[in-house]
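Number of protein chains: 2
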Amino acid sequence: MQEHKLGTHDCIQLVPIFNQLTTVELQQVSAIVHEHVYEKGTTLFNAGDEANQLTIIAAGQAKVYQLATNGREQLLYLLQSGDFDGEAALFNPVTRTSYAEALVPTQVCSIQRSDFQALLAEAPQLALGILNEFGKRISQLEGKATSVTTSSIGGRLADYLVETAASFPAQTMFTLPLQKKEIAVYLGTTPETISRKLNEFQIAGWLKKGHGNQIAVLDADQLALQD
Amino acid sequence: MQEHKLGTHDCIQLVPIFNQLTTVELQQVSAIVHEHVYEKGTTLFNAGDEANQLTIIAAGQAKVYQLATNGREQLLYLLQSGDFDGEAALFNPVTRTSYAEALVPTQVCSIQRSDFQALLAEAPQLALGILNEFGKRISQLEGKATSVTTSSIGGRLADYLVETAASFPAQTMFTLPLQKKEIAVYLGTTPETISRKLNEFQIAGWLKKGHGNQIAVLDADQLALQD
DNA sequence: TTACATACTTGATTCGGATCAAGTTTACTT
DNA sequence: AAGTAAACTTGATCCGAATCAAGTATGTAA
Chain L
1285 MQEHKLGTHD
1295 CIQLVPIFNQ
1305 LTTVELQQVS
1315 AIVHEHVYEK
1325 GTTLFNAGDE
1335 ANQLTIIAAG
1345 QAKVYQLATN
1355 GREQLLYLLQ
1365 SGDFDGEAAL
1375 FNPVTRTSYA
1385 EALVPTQVCS
1395 IQRSDFQALL
1405 AEAPQLALGI
1415 LNEFGKRISQ
1425 LEGKATSVTT
1435 SSIGGRLADY
1445 LVETAASFPA
1455 QTMFTLPLQK
1465 KEIAVYLGTT
1475 PETISRKLNE
1485 FQIAGWLKKG
1495 HGNQIAVLDA
1505 DQLALQD
Chain B
1285 MQEHKLGTHD
1295 CIQLVPIFNQ
1305 LTTVELQQVS
1315 AIVHEHVYEK
1325 GTTLFNAGDE
1335 ANQLTIIAAG
1345 QAKVYQLATN
1355 GREQLLYLLQ
1365 SGDFDGEAAL
1375 FNPVTRTSYA
1385 EALVPTQVCS
1395 IQRSDFQALL
1405 AEAPQLALGI
1415 LNEFGKRISQ
1425 LEGKATSVTT
1435 SSIGGRLADY
1445 LVETAASFPA
1455 QTMFTLPLQK
1465 KEIAVYLGTT
1475 PETISRKLNE
1485 FQIAGWLKKG
1495 HGNQIAVLDA
1505 DQLALQD
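So the sequences go chain by chain: L and B. Residues in the first sequence are numbered consecutively from 1285, following our numbering. Residues in the second sequence are numbered consecutively from 1285, following our numbering.
Mixed in with the good hints there might be a few duds.
What the hints assert, rightly or not - Derived DSBU-like pairs: lysine-lysine, alpha-carbon spacing no greater than 35 Å straight-line:
{"no.": "1", "chain 1": "L", "residue 1": "Lys1428", "chain 2": "B", "residue 2": "Lys1493"}
{"no.": "2", "chain 1": "L", "residue 1": "Lys1493", "chain 2": "B", "residue 2": "Lys1493"}
{"no.": "3", "chain 1": "B", "residue 1": "Lys1464", "chain 2": "L", "residue 2": "Lys1428"}
Rather than coming from a laboratory, the hints here were simulated on the basis of the structure.
Based on the sequences and whatever the hints tell you, model everything.
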């Protein structure tokens, strides 16, 4: 069973920032991409490492944690296929402040800074795609920063659920990709509160809890209206 | 008195993303930059506008507000000389979700999307500089998103004060650039709480309140240690 | 200088959500 | 299938900060 393994060319096509490239440019990119498969539970990179490369998830899933000053870890991103991290490394050597761990067997494409900079001079179109992707990410983060100071916990959880459920058929049961403890940390709250809010939502008829970490969103519209 | 007015060339040199350009490239950029001066209290752009340009503050100061779903306004940025906004517009036509107002007479440089894209193809070095700046902004926003879910109000206020005080000589009185009401909204709290926390900080000996909106930070190190 | 509006402060009360402390379920190991 | 550890739930209590309600400064216009 290795359906999730892909050739280099396919790998690159999965990444949004490379979507707009011509065939020729795609080949140029292929030439400088390195591939690696990480087993479940292994570390993609560590805090304190010097970062010299862009890391792209071709297939699989990884969690990125930031270490807070008090030693606590804050989940920063849940990287899915096509997501990337470490873009700052493409311009300057930086020390990573976060670390990442593979949740499942995960195939990663990486690009070295020096290779990337050389390529950029030849394929300006590439820069546009990346800039575009960065712009999106900034909007997203601005939204998060706003919503965190603006909405209540209930609202943030509701948003998270609607967003997560979006990748599954409507009204069907699915397994939450994160444990409640992790969702809690991600939203800046506690597992207890997550538990209680999910109950409230179920009583309101907006969702249905199943076995283990399964839920079905019944009324995404009402959920989204929370706060 | 027009010391704050600058020629186009000077204007561009103020902007970090253009810092690394060669003289030739700077001239190319100069050619496509439009300048405009907004009087105090006038609107730079409005929510709902279609954005087709990058807006750079050459001299002056502007507030950028985001409208929340409940109709409340959330202060997003306080733009100073050299800051820019609307970078998403450089890649796709977008509708603005925020609006900006000049706090003082403010000189603005703007670049149209079409001009920018044409330029980018000729000056790849420019893309690198912008990408770099974007990377920094993303780190900054990641930090803010983390600190908001992690620290208490006191900690966030302390950070804000230390940051704001940094542009004044140490331990001297200065006037806060925002009203307390606005600081409150910015930090996601209320004027009452700001008032109380400032008292606590004064009693602890970390700052001194003066007349009106003046304060002096006495012990930035202790403040920064808050939470 | 007085009058008025706006910003700010202070106190009393309320409330959301964190924390603490058991239980209970789920999932993994053998 | 039984045993164990981890994750989850539920209840009781506590605390930080929001809200409500006066007040007091500050600044502005006549």
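- Message: Hint by hint, where does the structure go against what was stated? Just the numbers, ascending.
- Response: 2
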